[in-house]
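Residue numbers (UniProt numbering), protein chains in the order written: chain A, 1 to 366; chain B, 1 to 366.
No wet-lab data here; the hints were simulated from the structure.
Note that the coordinates shown come from a computational prediction; the quantities given were computed from them, not determined experimentally.
Any given hint might turn out to be false.
[To be verified] Calculated pairs, DSBU-like style, for lysine-lysine (alpha carbon to alpha carbon, straight line, at most 30 Å):
no., chain 1, residue 1, chain 2, residue 2
1, B, K240, B, K174
2, B, K282, A, K282
3, A, K320, A, K334
4, B, K240, A, K282
5, A, K267, B, K282
6, B, K267, A, K174
7, B, K256, A, K282
[Unchecked claim] Taking beta-carbon pairs under 8 Å as the criterion, some of the chain B residues facing chain A (in silico):
no., residue
8, G36
9, V37
10, G107
11, I131
12, V253
13, E288
14, V290
15, L294
16, M296
17, G298
18, E304
19, G305
20, S310
21, F352
Built from N, CA and C at the ideal position, the CB exists for glycine as well.
There are 2 protein chains.
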Amino acid sequence: MIIYFFVRSKSPAVRRKMDGVVESKEWYLAAYSPEGVPTSDNLKLRTVTLSLASHSIPDHHVSLQILFISVDPYLRTRLTGTLDGLFIPQYQPNQVITAYAVGKVVGSKDSKYREGDLVLAPSAPVAEYCIVPSSSILRKIDSASGISLPDYLSALGVPGFAAWVGIVVLGDPKPGSNVFISAASGAVGMSAGQLAKIRGCRVIGSTGSDDKVKLIKEEFGYDDGFNYNKESDYDAALSKYFPNGIDVYLDNVGGKMLESVLNHVNKHARIALCGMISQYNKVWTEREGVRNLLNMVGKQVRMEGFMLESYWNRFGDFAKDMEGYIKEGKVTSKNKINVGIESFLDSLASLFTSSNIGKVVVQLNN
Amino acid sequence: MIIYFFVRSKSPAVRRKMDGVVESKEWYLAAYSPEGVPTSDNLKLRTVTLSLASHSIPDHHVSLQILFISVDPYLRTRLTGTLDGLFIPQYQPNQVITAYAVGKVVGSKDSKYREGDLVLAPSAPVAEYCIVPSSSILRKIDSASGISLPDYLSALGVPGFAAWVGIVVLGDPKPGSNVFISAASGAVGMSAGQLAKIRGCRVIGSTGSDDKVKLIKEEFGYDDGFNYNKESDYDAALSKYFPNGIDVYLDNVGGKMLESVLNHVNKHARIALCGMISQYNKVWTEREGVRNLLNMVGKQVRMEGFMLESYWNRFGDFAKDMEGYIKEGKVTSKNKINVGIESFLDSLASLFTSSNIGKVVVQLNN
Numbered sequence: 001m002i003i004y005f006f007v008r009s010k011s012p013a014v015r016r017k018m019d020g021v022v023e024s025k026e027w028y029l030a031a032y033s034p035e036g037v038p039t040s041d042n043l044k045l046r047t048v049t050l051s052l053a054s055h056s057i058p059d060h061h062v063s064l065q066i067l068f069i070s071v072d073p074y075l076r077t078r079l080t081g082t083l084d085g086l087f088i089p090q091y092q093p094n095q096v097i098t099a100y101a102v103g104k105v106v107g108s109k110d111s112k113y114r115e116g117d118l119v120l121a122p123s124a125p126v127a128e129y130c131i132v133p134s135s136s137i138l139r140k141i142d143s144a145s146g147i148s149l150p151d152y153l154s155a156l157g158v159p160g161f162a163a164w165v166g167i168v169v170l171g172d173p174k175p176g177s178n179v180f181i182s183a184a185s186g187a188v189g190m191s192a193g194q195l196a197k198i199r200g201c202r203v204i205g206s207t208g209s210d211d212k213v214k215l216i217k218e219e220f221g222y223d224d225g226f227n228y229n230k231e232s233d234y235d236a237a238l239s240k241y242f243p244n245g246i247d248v249y250l251d252n253v254g255g256k257m258l259e260s261v262l263n264h265v266n267k268h269a270r271i272a273l274c275g276m277i278s279q280y281n282k283v284w285t286e287r288e289g290v291r292n293l294l295n296m297v298g299k300q301v302r303m304e305g306f307m308l309e310s311y312w313n314r315f316g317d318f319a320k321d322m323e324g325y326i327k328e329g330k331v332t333s334k335n336k337i338n339v340g341i342e343s344f345l346d347s348l349a350s351l352f353t354s355s356n357i358g359k360v361v362v363q364l365n366n
Numbered sequence: 001m002i003i004y005f006f007v008r009s010k011s012p013a014v015r016r017k018m019d020g021v022v023e024s025k026e027w028y029l030a031a032y033s034p035e036g037v038p039t040s041d042n043l044k045l046r047t048v049t050l051s052l053a054s055h056s057i058p059d060h061h062v063s064l065q066i067l068f069i070s071v072d073p074y075l076r077t078r079l080t081g082t083l084d085g086l087f088i089p090q091y092q093p094n095q096v097i098t099a100y101a102v103g104k105v106v107g108s109k110d111s112k113y114r115e116g117d118l119v120l121a122p123s124a125p126v127a128e129y130c131i132v133p134s135s136s137i138l139r140k141i142d143s144a145s146g147i148s149l150p151d152y153l154s155a156l157g158v159p160g161f162a163a164w165v166g167i168v169v170l171g172d173p174k175p176g177s178n179v180f181i182s183a184a185s186g187a188v189g190m191s192a193g194q195l196a197k198i199r200g201c202r203v204i205g206s207t208g209s210d211d212k213v214k215l216i217k218e219e220f221g222y223d224d225g226f227n228y229n230k231e232s233d234y235d236a237a238l239s240k241y242f243p244n245g246i247d248v249y250l251d252n253v254g255g256k257m258l259e260s261v262l263n264h265v266n267k268h269a270r271i272a273l274c275g276m277i278s279q280y281n282k283v284w285t286e287r288e289g290v291r292n293l294l295n296m297v298g299k300q301v302r303m304e305g306f307m308l309e310s311y312w313n314r315f316g317d318f319a320k321d322m323e324g325y326i327k328e329g330k331v332t333s334k335n336k337i338n339v340g341i342e343s344f345l346d347s348l349a350s351l352f353t354s355s356n357i358g359k360v361v362v363q364l365n366n
């Protein structure tokens, strides 16, 4: 059921495919961006020629046509030129950048993969085509699953997995627990809220507009939510929405919201730190300080940061759970699909403007 | 081997003991102290008369003569008039304050306790005499143990137990782990360093003078340490003392030191928050904000605050371990003993001036 690219396409790149050479557009790092939203000064698009001929693929490698690229906030921290914060290795100047992607195998030197296989590649070049070690492939996608490919980058991808680790593994709320999720209409938040509801929790989200508040209640099952842009006093908002305090907080924003949460935590509350999007565009000394960590002592709070790199051994458990929930209609995703590799930079920048709902994905049209 | 107080003493209070009535000095809350070091405006001494006659002791109660009072930083947080930070119930105006103490049973309406028994009372009135429910007694002290009574308030008391929970239960360092302990020459720090050394760790402490640095190395087994009053740049100091990063941090101070530690944590580091003495005399909005919590995400740090109230069920395990270590000479304590209940206020204030080494105890001379 997979229609091979080089059969259906008529582009110049494809014509060249006959001799195994393609033109491939790719994003590369032109200059680091210590602060602010990255621009075309930092990331640039170029076209390279790439041989995908069999003799050009080393053993235990595959060539991929990239179909969808996952645009996630953590990518921004790889562009600062400073190893802090998330401590993910920095992209290297003049080198193609990488991201989590869905690819289609177009050539293989590994018996586990055949032409036409759809695969998840957590660290694929942000490019139209690539050759990667087969060991870098996370797993094949079952094209008969009935699940859309973009969903493999949202509920079944990086943000869904992050939501699962944050809620199920670290937060571990009980039925009736009071759960708070920031950036609730974002890619992580939409799955996280639904996972907490599946556990029988009372779930409240914060998000950046009244429309998004409506959305998280109507589509993602949140019990309630508030627009942080309209609440000048987060403490008052949390008092209103959590009269019985907060048991579990999945933090996606950091800063003032995290500080306010620490004024409302219940004894033995758990805070899973998934990321801090409000802080990524600032050097650390300019970030908002959290002044009330002492509350963690009195309330005996456990706060834990996590990165998916430490949980890949749980990916199978996660995917089994989540595929079940998706098929049962218990978890749904909203995906914002931007078309063309050219849209990658704007897609990344859009993560920091509150303009998006759900998961931002770039669909390649090569 | 216990010489009864009313046999050896000649004080007026004792003469009155003949008819069961004693005069008892006690510290009470005169006025809350939201900020700064508490003074005699906040805590005052008064003398009350108290009947210790058998008919005055309710069933399941005992009368105690207090012998030693443990002076701990957390007491300060019960004097602010605001339930935040440690969230321990506030002392009530005009009421006698309470603390962890060693008492001697002078009368009993509980068959488990007899006159002369020495007991640990975690919430005893800061008074010369008292009548308390026997259920409030933690345990009897074995007077044949060879362990001094002040040690029951230091290595075997609140600070030693806090050190054990912080290092053994929450920090859980491995042989060779790099362990950092702030307020290293304080009551918690002296036990914590020795417990980490017993686990085979490399242990570095920070403390407030060169003499104290010498002390923690010579008496408490620390591998090295630094004087935070001489280090204008904590980051530079931590770079120097932790070339391989920090695996476990027992935080007793909070604020800038905690922030600096977060710039030096290794992947999967653990931070046990025992208390934040640098922050107790400030309202929370004036406390030092920690700006680099994002590092907890990238380094996947677990930070957990704790209060002993949740660990009393482990006290037996702790006491067994610690009594063994003390008897084997693997853990020693330095106790600063101030004589007379009158010294309680100055003793409490002294915790905030860096003037002390080790555990501050008030020995009553009634």
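Inset, instruction - Provide an ascending list of the numbers of those earlier hints which the structure does not satisfy. - result: The structure conflicts with hints 8, 9, 10, 11, 12 and 21, although it agrees with all the remaining ones.
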